[in-house]
Amino acid sequence: MQTVSEGNLDAMTYIFERYNVRLYNFYYQMVKDVAVCEDLTQNVFLKVIKYKHSYKGGKFASWIFKIARNLFYDHYQEQKKTQAFEDIDDVTGELDEETIEKEEEVSHLMRVLNNLNEKDKELIVMNRINGIKYEQIAEIVGSNTTAVKTKIHRIVQKLRTNYFETLA
Amino acid sequence: MNCTDIENKLVDYIDGVLSENETKTINKHIESCSSCKNVFNETNELINAFTNETVAQPTSNLKTSFEEMLAQEKKKQPKVIALQPAKRNSYKSVLQIAASVAILFTGYLLGGYQESQNSQKEIATYQTEQKQLKENMLLAMIDNSSPSTRIKAVNYTEELTTPDTKILEALIDRMHNDSNSNVRLSAAEALSKFTDSELVKTSLIQTLTTEKNPSIQVEVIQILVQIQEKRALDPMKKILEQPEAPDYLKTQVNIGIAQLI
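Those sequence lines, one after another, are chains A and B. Residue 1 is where the first sequence starts when you use this note's numbering, and the numbers rise one by one after that. Residue 1001 is where the second sequence starts when you use this note's numbering, and the numbers rise one by one after that.
A hint or two may mislead.
Within a straight-line C-alpha distance of at most 16 Å, the following computed EDC-like cross-link-like pairs (lysine to aspartate or glutamate) qualify [to be verified]: (1) B:1166 with B:1198; (2) A:121 with B:1053; (3) A:149 with B:1012; (4) A:158 with B:1042; (5) B:1063 with A:78; (6) A:47 with B:1073; (7) A:151 with B:1068; (8) A:47 with B:1068.
Derived Cβ-Cβ restraints for the label pairs, each shown as a range [unchecked claim]: (9) A:35 with B:1054: 16 to 22 Å; (10) A:47 with B:1075: 52 to 58 Å; (11) A:164 with B:1060: 26 to 32 Å; (12) A:56 with B:1052: 37 to 43 Å; (13) B:1004 with A:47: 42 to 48 Å; (14) A:47 with B:1038: 44 to 50 Å; (15) B:1060 with A:82: 27 to 33 Å; (16) B:1035 with A:82: 43 to 49 Å; (17) B:1008 with A:111: 22 to 28 Å; (18) A:114 with B:1075: 19 to 25 Å; (19) A:82 with B:1096: 19 to 25 Å; (20) A:55 with B:1004: 41 to 47 Å.
To be clear, the hints were calculated from the coordinates, so they are not data collected in a lab. Glycine included, each C-beta is placed from N, C-alpha and C at the ideal position.
Same shape as in the complex, but just chain A (with noise of 0.2 Å):
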């Protein structure tokens, strides 16, 4: 990345192949969309080049998924003020079999997952999918990793009994 931050994008292709993956399933665990998922794996790098002055150093999986984060959540806020239009036109059956058709190909981890809140949706998401460390989640949303490690812990405790319970 420093040398991405010097002005050689050519280092950037390097980022790509080296956080593309890992940056897309996390979209995709927070939204299940492909298209939504590309969308946003992609702006995270051109975020990336965009800001590559303000990298001041670090650990840069930190900084990416800082990015990565915030712009899951500003689609978020948006999605949140279109879904209400929406939810008018979404009552036509033809749609609702899609939807049906889609929920099985879904895992039933998944569909407990979904249950979560955004937040605790993706710390776990962080932690248990993208295998991110505590430390670094902590640093990622800026909290410390004891907090970040009760949590996460909490959030297994509450999956469980969910995933357990909708299983029978």
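Since the structure of chain A is already known, use the hints to place chain B on it.
Relative to chain A, chain B alone:
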């Protein structure tokens, strides 16, 4: 460790990040506590479900659009870096400013020099004009009917450093021919300043023979002795032979002769 403590440590236990002692304690507890064993099994299954969750692969669209975006950004980049040439430009412009200041300064100096030359020329012309005017005025005054004006004019000539022959001739004329002895004396005194001129020397020598006024004769002798004019010896000796010459004149002539020889 009670059951709640165990439950809180289960994730770390499954992750295998606990110390050997803690792991052993939990191992033992799970064996003996059925409810905790159940929680452990469920948690383990859940965590495994996460690990088994297939890694979603983005479509090739992502890479293609990334490459497009990168290419575009690269195109934009020179614009962003355009600041650097601009920096160099500012360095250049400093030079340019310095150069223009230098040119301005040289211009100022040149102008000043030319101006001073011009004004020097002007001053020179004014000075020559003024000199001409003064000389003309002197020549006019010297012919004035009033002796005092003539004396004034003669005295003015002393101010001239290099009077032209016209002035010298006019002075000599006054020394030889003026009716007023005072004017003749003043003219002689004035001419004593210009003894470099051969014309003045001969005229002074001539005065010794023609002049009859002893005070003027004394003056002229003094001038000629000062410039060590040997040709004055003969006319001086002649004065000694003149019976009507007063004693003080003869004394002066003798002193002069002594100095000249």
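Consistency of the hints with the structure:
1. A hinted pair counts as satisfied when its Cα atoms are at most 16 Å apart, and residue 1166 of chain B with residue 1198 of chain B qualifies at roughly 14 Å.
2. Among the hinted pairs, residue 121 of chain A with residue 1053 of chain B is consistent with the structure: their alpha-carbon atoms are about 15 Å apart, no more than 16 Å.
3. With a C-alpha separation of about 10 Å, the suggested pair residue 149 of chain A and residue 1012 of chain B falls inside the 16 Å cut-off, and the hint holds.
4. At roughly 12 Å between alpha-carbon atoms, residue 158 of chain A and residue 1042 of chain B fall within 16 Å of each other, so this suggested pair holds.
5. The suggested pairing of residue 1063 of chain B with residue 78 of chain A is violated, with an alpha-carbon distance near 25 Å, which exceeds 16 Å.
6. With a CA separation close to 11 Å, the supplied pair residue 47 of chain A and residue 1073 of chain B stays within the 16 Å bound.
7. Using a Cα cut-off of 16 Å, the hinted pair residue 151 of chain A and residue 1068 of chain B is violated, with the two alpha carbons roughly 40 Å apart.
8. A C-alpha spacing of about 15 Å is found between residue 47 of chain A and residue 1068 of chain B, which places the hinted pair at or below 16 Å, so the restraint holds.
9. The given range of 16 to 22 Å is respected by residue 35 of chain A and residue 1054 of chain B, whose C-beta atoms sit roughly 19 Å from each other.
10. A beta carbon spacing of about 18 Å between residue 47 of chain A and residue 1075 of chain B contradicts the range 52 to 58 Å that was offered as a hint.
11. Take residue 164 of chain A and residue 1060 of chain B: their Cβ atoms lie about 39 Å apart, and the range 26 to 32 Å is violated.
12. A C-beta distance of roughly 38 Å is found between residue 56 of chain A and residue 1052 of chain B, which places it inside the suggested range of 37 to 43 Å.
13. A hinted range of 42 to 48 Å for the beta carbons of residue 1004 of chain B and residue 47 of chain A is consistent with their spacing of about 43 Å.
14. A C-beta distance of roughly 46 Å is found between residue 47 of chain A and residue 1038 of chain B, which places it inside the suggested range of 44 to 50 Å.
15. Checked against the given bound of 27 to 33 Å, the beta carbons of residue 1060 of chain B and residue 82 of chain A, roughly 28 Å apart, stay inside it.
16. Here the CB-CB span from residue 1035 of chain B to residue 82 of chain A is close to 46 Å, well matched to the stated 43 to 49 Å.
17. In this structure, residue 1008 of chain B and residue 111 of chain A meet the distance hint of 22 to 28 Å, their C-beta atoms being roughly 26 Å apart.
18. A hinted range of 19 to 25 Å for the beta carbons of residue 114 of chain A and residue 1075 of chain B is inconsistent with their spacing of about 41 Å.
19. Range check, residue 82 of chain A to residue 1096 of chain B: about 56 Å between beta-carbon atoms, so the 19 to 25 Å window is missed.
20. Checking the proposed 41 to 47 Å range against residue 55 of chain A and residue 1004 of chain B shows it holds: the Cβ atoms sit about 43 Å from each other.
Comparing the model with each numbered hint stated earlier shows that hints 5, 7, 10, 11, 18, 19 do not hold.
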